[in-house]
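Asker: The lines below spell out each chain.
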Amino acid sequence: MRGAERPAVKPRPGYLNLIAIRLPLPGIVSILHRISGAFLFVVGIPVLLTFVGASLASQESFASLKACVANPLAKLVALAFAWAYLHHFCAGIRYLLLDVQVGIDLPAARRSSVVVLVVSLALTLFVGWRLW
Amino acid sequence: MTDRKVTGAHYGLRDWLLQRLTALAMAGYTALLLAIVLWNGGLDYGLWTALFANAAFKVATFLFMAALLYHAWVGARDIYMDYVKPAGVRLALQTVSVLALVAYLGWTIAILWGGK
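Top line first, the protein sequences correspond to chains C and F. Numbering (my numbering) for the first sequence: 7 to 138. Numbering (my numbering) for the second sequence: 17 to 132.
In case anyone wonders, no lab produced these hints; they're calculated from the structure. Don't take every hint at face value.
Claimed, not checked - Below, simulated BS3-like cross-link-like pairs (lysine-lysine); rule was C-alpha separation at most 27 Å, straight line: (1) Lys72(C) / Lys74(F); (2) Lys101(F) / Lys21(F); (3) Lys101(F) / Lys16(C).
Let's have the full structure, built from the sequences with the hints guiding it.
Answerer: Next up, the structure:
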């Protein structure tokens, strides 16, 4: 029997080459969900609290924040926050739907991951359009 | 039996469920804030401070922040569990995260009810 010559346990891959792996679309949405979440945690929360605190402190600090955000470089940073929040939001809604068994077959899951990428980018562009 | 690590999860539904409930709470608050801004056609200092003087809005904001901080904790811990193998490093990261999140909650309370 030829089958008996094969080892009983297949050797497992020793390492995963992350550069060589091509992520499928749902995988891209998933890793971007993590990256945007980590960014919102590490940078987003302290910046949010700083801004809300300063915006409420006085009319002067509110005005200086407004002037600060008018800076083109600050607008780019604001756009990065907007994308992170919007992507995390849209991908999160997709996960909630998957949790309740909506769109769990592969073609539907692929389609919805494209929708998440496109909608979050489109909303980010809309925010950018409003900023400029 | 599974190898249970002290720096692992609680091996149950609680955090999984709370991550989703906190997400819904935050989505609701986001919609509320967006509706207020759109309804008033923008934000100026007067409206902004009036909003934060409202007790109900303060409570809603506090609940949003509490949900955000718990949600961030579950997410950060998931990331540590997946990518950080040494238990000591993981424990250190978790400790720093918890301290930061509790500090943020204190900061939130100071902003909402601290006065000037």
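Asker: Are the hints correct? Go through all of them and say.
Answerer: Evaluated hints:
1. Distance hint between lysine 72(C) and lysine 74(F) is fulfilled; the C-alpha atoms sit about 23 Å from each other, no more than 27 Å.
2. Proximity of lysine 101(F) to lysine 21(F) is assessed by CA-CA distance (about 11 Å); at most 27 Å being required, the pair is judged to hold.
3. Of the pairs offered as hints, the one joining lysine 101(F) and lysine 16(C) holds, with about 25 Å between alpha carbons and a cut-off of 27 Å not exceeded.
Comparing the model with each numbered hint stated earlier shows that all of them hold.
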